[in-house]
Structures are given as structure tokens and as C-alpha cells.
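Colleague: Next come the chains, spelled out residue by residue.
Number of protein chains: 2
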Amino acid sequence: MVRRATIKAETPPAAHLPEGGLSVGYLMGRARASLLSGLDAELAPFGLNAMQYAVLKQLAEGSARTAADLCRYMYYDTGSMTRVLDRLEEKGLLRRERCREDRRVVFLRVAAAGRAQLPRLRAAGTRVLDDHLRGFSPAEVEALKRLLGRMIDNGLRPKLTGGATDLHARGGKP
Amino acid sequence: MVRRATIKAETPPAAHLPEGGLSVGYLMGRARASLLSGLDAELAPFGLNAMQYAVLKQLAEGSARTAADLCRYMYYDTGSMTRVLDRLEEKGLLRRERCREDRRVVFLRVAAAGRAQLPRLRAAGTRVLDDHLRGFSPAEVEALKRLLGRMIDNGLRPKLTGGATDLHARGGKP
DNA sequence: GACAAATCACTGCCGCGGCAGTATTCTTAC
DNA sequence: GTAAGAATACTGCCGCGGCAGTGATTTGTC
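Residue numbers (the numbering used here), protein chains in the order written: chain R, 1 to 174; chain E, 175 to 348.
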């Protein structure tokens, strides 16, 4: 995260990048970078970045209750997550609370201050997304999601020459 | 770059992420990460990462001749580019050659060793991309590119509340 | 011709993400 | 009951990306 600002953003009239090869990859990188830098810019007034917002949002929505949950849910490194949570806790937007039944886990609760900020944060998030999806019909958004989802699925079940990626899809214990 | 390997890659049966909110952003991040980690894995045997490959490729194809060219073309930071080129030069895949007419610029030439590796690198690149696009019809690939391109264009011409992003689209000299 | 502005490559600095390793606690197997 | 394994959170370490600033050189302006 942090992408602080779009790289210069010279003055490209259109987004026609390298045609051949990884075009799709380039386009995804550019689109994602634009989304993230826009989000970072909108969140800057609150002293937050995109990742911190995402974490806060997932916690508030109940999609996750612990750091491990968040990491699984967001495909994020556990070490980095610890530090994200540190920053959120420092800012007083989050509280950590050791679980009594299982003393390994630490529950994460959005603090009152965080809960108070969330509506504005959410507004910033939807603003950026809607802006990037300007002119998209609902069907087109759905199509985009579907195509991206298929790419992800393909990546999870690679059919490469020798299974080079570290997928150890332990398919169900015997 | 460098994403060295996919984050754990636990065992998610499908890519159904957070429905609401930034879903598109999450999906793009995941898809891009999958592409990059796959590419890094395929390039690891050559001691290269995705970024180094991309640079070498653009240079070989004549899309750019200098560091500044590459940065504009790939939306990349000039400082980071210098270091990417340093590594490629260290590996003997690239030569720097000061221009005589304009002594500020340094021409970049793919060294013989680099040119020799390129076919295998290219093969790795297309392998990863094709793998992620498995089952996609040409029309679907085209649709995906078009949708991503529109998102990028939207991001370049933001219609946000107060032009928060640092776009200074100096619209054509008068 | 002189000065300002722009361009190019590069460097120092900082934050972040990913990996590997650690301590603690729980679960499973024998 | 105990030992082995897994899970959780955390820390140290390293590489990389982005920003700001520098020096050299060229271009543009008056």
C-alpha cells in the first residue's frame, strides 16, 4: 500500500499500452494503481491509507474478527498485518482484546473513534470506485468482476509445465 | 515487484471475495498478484523478476531507448528505474552507453547475453499469461482489456469532488 | 550572450510488503 | 498423559517502490 500519489501522471491521452505480451497485466497494474492512489488521496485527510481503510471496513462489517481472519480473507501477510493493526491501534481506531477461551487469538474491535469515522471513509471509498467505473453499466461491472474472477481461479489451479508456483493445494485430508 | 511467491495460497475453492464495496479493486489486486507471482516463479530460474523482464522486453522491442522512455512508457518511478537498470547491467544483460549528441541521456542496449535469454523469458511470460487466461475467448480477452482501459481513462480524468489527485493535466501547450 | 526553465540520470531516505523464525497456546495422536 | 503437530500473533531482516533533492546538460527567452 501507500502508493502516496500517481506517478507523475504526465498527460497520456489514452491508455493504450504495449499491445503484445502482457498487455492485460499492464492494464491491470495501471488500473489498480489508479484506484489505489485515488483512494489514498481521498483517505489522506483522515490520516489513513487504503489498506488501513480496508481492514477497518472488514472488521466493521464482521467479515473478520482476528488478524488471521483478515489475512486469509484479504490474502495478506501476517507479519504485515500485525503492523497495519499496530498503526490503527496507535491512532485509536482499533482495540485489541485477548480471547479468553483460546489465549492464542486476539480479537480486534473497531473503537468508537473508528466507528465514527467509518461513514466518511466509506463515502471516500465508493467515491473513488464509482469515479473509476464512470460510464459502466451494471452488466459491464458484473462482466469485469466475472472475468477477473476467472483469471484468479485459473491462477489458483495452474496448469503450467511443472507446477512452478508454490501451490500446495492440499486437497482435503485423506 | 518481487512478490517472490503467492501468499501462502491456502486452499480457497473459488475467488468469492468481499461482495460489496471495492470488490473490483480486490479482484484486480488478486488477479494482478497471481499474474506477478506466477511470472516471478517462472522467471526465478533465470534470476530475474517480472520488472526486469518487462524492461528487457521493452528495450528489445524498441519501445524505449532510455530510462526516461521506459519510465514514461511503464508509468514507473525514475529512481526505481535506475536501480532496475543497475541490476540488469550487473547481470550483464544490459549495457549503458552515453549519448554523444545529448550528453544527458544514456542509451540502453540489450547485451548479447540478454538477447540470448529473451526467447526463453518471453516463453515464460506468455506461459503465465495464457495460463491465467485459460478458457477465455479472444472476445473475452478483448472485453477485459477494453473495460480495464476505460477504468484507467476514468482515473486519468477524475471527476471527483475537488480534484484531489495530483493530476496537473497541462492540456496542450497554447 | 546570459539567465531561467526544462530534461535526464542518479542518490538518499523512508515506508511497506513478504519471508523466516520465535514464543505461546491449543489440538491431535499414540 | 505426553509428545508431535498446528495455529496464532508477533519480530527481525531485506528488497523494492516512491519521493525529494542533486548535478550535469540542453533548450528556450529576453
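It is worth saying that the hints were derived from the structure and are not from the lab. Accuracy of the hints is not assured; some may be wrong.
To be verified - Taking lysine-lysine pairs in the BS3-like style, the calculated list, with each CA pair at most 30 Å apart, reads:
(1) K145/R - K159/R
(2) K333/E - K319/E
(3) K231/E - K319/E
(4) K319/E - K159/R
(5) K231/E - K159/R
(6) K159/R - K57/R
(7) K57/R - K231/E
(8) K265/E - K145/R
(9) K265/E - K319/E
(10) K145/R - K333/E
Said to hold, decoys possible - Over the 10 Å line for every Cβ pair with chain R, so calculated as not near, a few chain E residues:
(11) F220
(12) G266
(13) K333
Unchecked claim - Cβ-Cβ distance ranges computed for the label pairs, FRET-style:
(14) G266/E - R98/R: 52 to 62 Å
(15) A285/E - G135/R: 21 to 31 Å
(16) D102/R - R246/E: 15 to 25 Å
(17) A143/R - G236/E: 48 to 58 Å
(18) E61/R - R277/E: 53 to 63 Å
A virtual CB, placed ideally from N, CA and C, is assigned to each residue, including glycine.
Colleague: Each of the hints needs a verdict: does it hold here or not?
Modeller: Here's how the hints hold up against the structure:
no. : hint                        : result
1   : K145/R - K159/R             : 22 Å, holds
2   : K333/E - K319/E             : 22 Å, holds
3   : K231/E - K319/E             : 20 Å, holds
4   : K319/E - K159/R             : 23 Å, holds
5   : K231/E - K159/R             : 24 Å, holds
6   : K159/R - K57/R              : 35 Å, violated
7   : K57/R - K231/E              : 40 Å, violated
8   : K265/E - K145/R             : 40 Å, violated
9   : K265/E - K319/E             : 34 Å, violated
10  : K145/R - K333/E             : 23 Å, holds
11  : F220                        : 12 Å, holds
12  : G266                        : 23 Å, holds
13  : K333                        : 6 Å, violated
14  : G266/E - R98/R: 52 to 62 Å  : 54 Å, holds
15  : A285/E - G135/R: 21 to 31 Å : 45 Å, violated
16  : D102/R - R246/E: 15 to 25 Å : 53 Å, violated
17  : A143/R - G236/E: 48 to 58 Å : 35 Å, violated
18  : E61/R - R277/E: 53 to 63 Å  : 58 Å, holds
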